[in-house]
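Novice: Kindly produce the complete structure, drawing on both the sequences and the hints.
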Amino acid sequence: MALTLDRVTLDLRGRRVLTDASTTFAAGRITVILGPNGAGKTSLLRAAAGLIVPSAGKVAIDGRAIAAMRRDERARTIGYLPQSGDVAWNMPARDVVALGRLPHRASADDDIAAVLAAMAATDTEQFAERRVGELSGGERARVLLARVLAGEPQWLLADEPLASLDPAHQFDLLERLRGQAARGVGVVVILHDLVQAARVADEIVMLRDGRVFASGPPAEVLTQQNLRDAFGVDVLLFPDGEGRMLPIPAGRAGSA
Amino acid sequence: MSRTLRLGLLALLTAVLFALSLMAGKQWIPFDAWFGHDPRWAIIAELRIPRAVLGVLLGSALGLSGAVLQGYLRNPLADPTVIGVSSCAALGAVASIVLGFGAGWLGQFGWAMAGAGGAMALLAMLTARAETPVVFVLAGTVLASLAGALTAFLISIAPNPYAIAEAIDWLMGALTDRGPDDVVMAAPFIGAGVLMMLFTGPGLDALALGEDAARSLGANLGRLRWQVVIGTGLAVGAGVAVTGVVGFVGLVVPHLLRPVFGAKPSALLVPSALGGAALTLAADSLCRLAPGAGEVRLGVAMALIGAPFFLALLFREGARQWR
Amino acid sequence: MKPLIALIALGLAGCASAQPATTGGIVSTNPCSDQLLLALAPGRVTAISHYSQEPGATSIPIGLARRYRATAGTAEEVIALKPDLVVASSFTSKTTLAAYRRAGLKVLTLDSPTTVAASRDQIRNVAAAVGEPAAGERLIARIDRAVAAAAPRDGRRPATLLYISDSFANAGPSLLTEMVGLAGLGDASKDFGLAFSGNVPIESLVAHPPKIVLDPDPNGRTASLRRRVLGMAGYQVIEERFPRQLVNCGGPTIIPALRALAATRSRALS
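Residue numbers (this note's numbering), protein chains in the order written: chain X, 116 to 371; chain D, -1 to 321; chain R, 82 to 351.
Each hint can be trusted.
Per the computed footprint, the stretches of chain X lying under chain D, defined by three or more beta-carbons under 8 Å from a beta-carbon of chain D, are: (1) 159 to 170; (2) 192 to 198; (3) 201 to 210; (4) 213 to 223.
The calculated lysine-lysine pairs, modelled on DSS-like cross-linking and capped at a C-alpha distance of 27 Å, are: (5) LYS175(R) x LYS163(R); (6) LYS24(D) x LYS271(R); (7) LYS24(D) x LYS292(R); (8) LYS163(R) x LYS187(R); (9) LYS271(R) x LYS292(R); (10) LYS187(R) x LYS175(R).
By construction, these hints were calculated from the structure, which means they are not laboratory data.
Note that beta-carbon positions come from the ideal geometry of N, C-alpha and C, so glycine has one too.
Specialist: What follows is the structure, encoded as C-alpha cells:
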C-alpha cells in the first residue's frame, strides 16, 4: 500500500509553499520528513492528510485520489497528529482518546475495545480517569497518540510529535511509532532532530524551499553534502553501533 | 452518580420550577383553583402557562446557545451576545417601536427576526474564510456595537416620549404579559434553532483538539459553522424578539454544569438547555414575587442574580475553574 | 431599508414646510405650548415644534400644524429666527436655554401642569406674556364650562384605569388623574399600589378588575391580551379608546378630554 503525492503544488494565503512535490510513503515503514524552518514540511503533511487541497497535483492512496474519498472514510484511513498538543477542555484522558472513534460508525463495544487497545499500546491506561490538564507533557503526548491510534488508521501522520518532550519520552514515543509500523501502519513523521530521524527512519524526505530536495534511505540522504546544502550546517557522522550513521550538527556551514 | 441519573434530576428540577411558576406570583394560585369556575383560571391559562412555556423555550435557547458557542469558540467566556445576534434582534424590535412600523405584536416580532436574520447573514459573510474563532468573535462584537449605537440613535430620534419609554422598557427583557400568541410565534423558530444546535455535538467535541485534528477526524467545519450561526441565530433571535434582551443565562449555565456533566462539549448540550430553562423559570417567578406594584424586569433580575453569584464563584474557585 | 427611508422622510418633513424667512414673533418649541399659543395668538406664531407635525405626538390638527414652520428646537434654528419670545418647556435642555439667554432672547419656560388650577394659571401667564389677556380669559371660561358640564349628577364613581401607552397606566398626581375625578370616575390605579404611571401586570388586573379601561389603541399587543384574559375570567370590563393626543397636554386639551371622559362615564352607567 502506498500514499503518493504526485507533483503537488500548494499555495497558502497567496504564497507558494510547496512546488511540484512528488514522493511515496509506504505502509509498514517509517518515513521522516526533514527540512529547515519554512521548507514546507507541515504543508506537505497536511496535504497528505487531505487537510488542504493542492493547487496542482494529486494525493492518492493506491491510485485512489483522497479528495474523492468521503470525509469519514478518509478520516478512518488517515490519522493525523498535529503539532499543537492543546486540548481545549479539561476532559478525562479516556474521553480524549475516545474522540478518535468519531469517524467510525461502530458499536459502543467496538469503540470501547478500540479505546482500550489504543491506551494499552501507549501505556496510558493508568490515567484513563485523570483529566488531561493535570497530566505531564509526556503523558499528554501519549494520550494524544492514543487518540490517533484509537481510530485504527492505516496511515499515521504526525507533525513534530517530539516537540517539548524530554529525551526519555522522545525515545518512548518513537518506539510506539515503530510498533505501529511493525503492525503494517504507514507512519510519516516530521522531525527536527537529525539524530532521532537517522535512528528511526526507514525513508527520509528532505525538503528545501518548498521542493523535495532529496529522498531515499537515510544512508543515502543524510550525507554531509545534503545537510550542508539543505540546512546550512556542517555535521559530523558517527556510527551508532547498529549500522546507522548519526549526523551530529557541528556548526554553521563555512563560507559556501 | 450516572449521567442519566443526573440528567433526570435536572429535568425533575425544571419540572418542579415549571409547576412552581404556575403557582407563584402576587396572586398565589394553588392547584385547586385549576378546576371549577375560579376566575383565576384565566390567569393560569392565558398568562402563566404561556409564560412558563416561553420561559422554558427562552431559557433552553439561551443555555444551549451558550454551551454551543463556548464549545465552538473554545472559550468558556463566550455567550450568545458575543455573536451580536441579540443586539441586532433588539435593534429590529426597537426600530419597530420607535418608527411605528408593524402595528401590534406580529410587526415587532417580524422586525426583530429580520434583525437577527441580518446579523446571521453578515456573520456568515464576515467569517466565510475565517481560520480562527477570533474573526468570529470580532465580527460579532462589531455587529453588537453597531446595533447598540443604532438602537441608541433610534431612541434619540423617537417621535414621542411614549415610544422612548416603551423601547427602553422592552430592552430590559421581560416575560410579563406575554401570551399564547407570543408562544405560537416564537416556538417554531426556537424549536428549529434548538434542534439544529443539538446536532453540533460531535463537531464541537472534535474541535477540542484543534481545527486540523477535527478535520482529520472527518468533521465538516463549514457545515458546523452554519449550524452554529443559524441555530443560535434562530433560537436567540426569536427569544429576544419576544422577550427583549435577557443576558447571563448563556454564560452562567454551561459554566455551572461543567463540573457536574463534564467538560466535553457534547455532554453539556442537553443539560445546558434544561439548566437554562430552570434558571429562567426561577428568575421569572422571582420577578413576579418582587414587592411593589409592577414586576421586576427579567433581564434586570437575571443580571442581579447572575452577577453576584458569578463573582462569588470566581472568588472561590479562582482561575482553576476555567479549564 | 425601510427604516432608513423613514428617517430620510422624517428629516425632509421639517424642510418641506419651511416658509419664506420671517423673523420676530413667537417661537414655540414643544407641542403643548404650540397648542396653547395657537389658541391664544395664532397670527403671531413664527415657528412651532416639529413634534406637532407628527401624528403620534401632536396636540393640534395636522393640517393646521403643517401651515407653520417647524423647528427641531435647536438653539441655532431658533436664534436664526430672531423671535420676540421663545416658549420652551421644563424638558428643554439647560444648555439650549443658556444659549437663548446668551443670544439675548426673551424666554418663557412652561412646566406640565398637574392640576386644572395650575393650567388656568399657566394660561393667564402666557396670555399676559404675549399680550392677549382677553383671549386667555376666554379660554379659561371655556375650560370652566367644560368642567361644569363634565361634573357628575350622582355619587357613582366607576373605577377606571387609564392607559397612556400600550402597557403604562396613568397613576399618581397628574392632570389626567384630576380630570378622571372631575368627570365622575374613580381612579383604579390606587388599587394596584401605583405611585406613578407604570405597568400593571395583567395578573394583578384579573385579581381586582376595574369597571372601565381606557387605552390609546385597543388593538395593541397588551390591550388585546388584557381583553382576552379579563373576558375568560368572566369579568365585564368596559373598554374604550382614549386618544393619545388627549393625554399629553393641559390647556385647551382639557376640554375634549373632559368631554370624552364624561361621555365614557354616561355610557358605562347606562
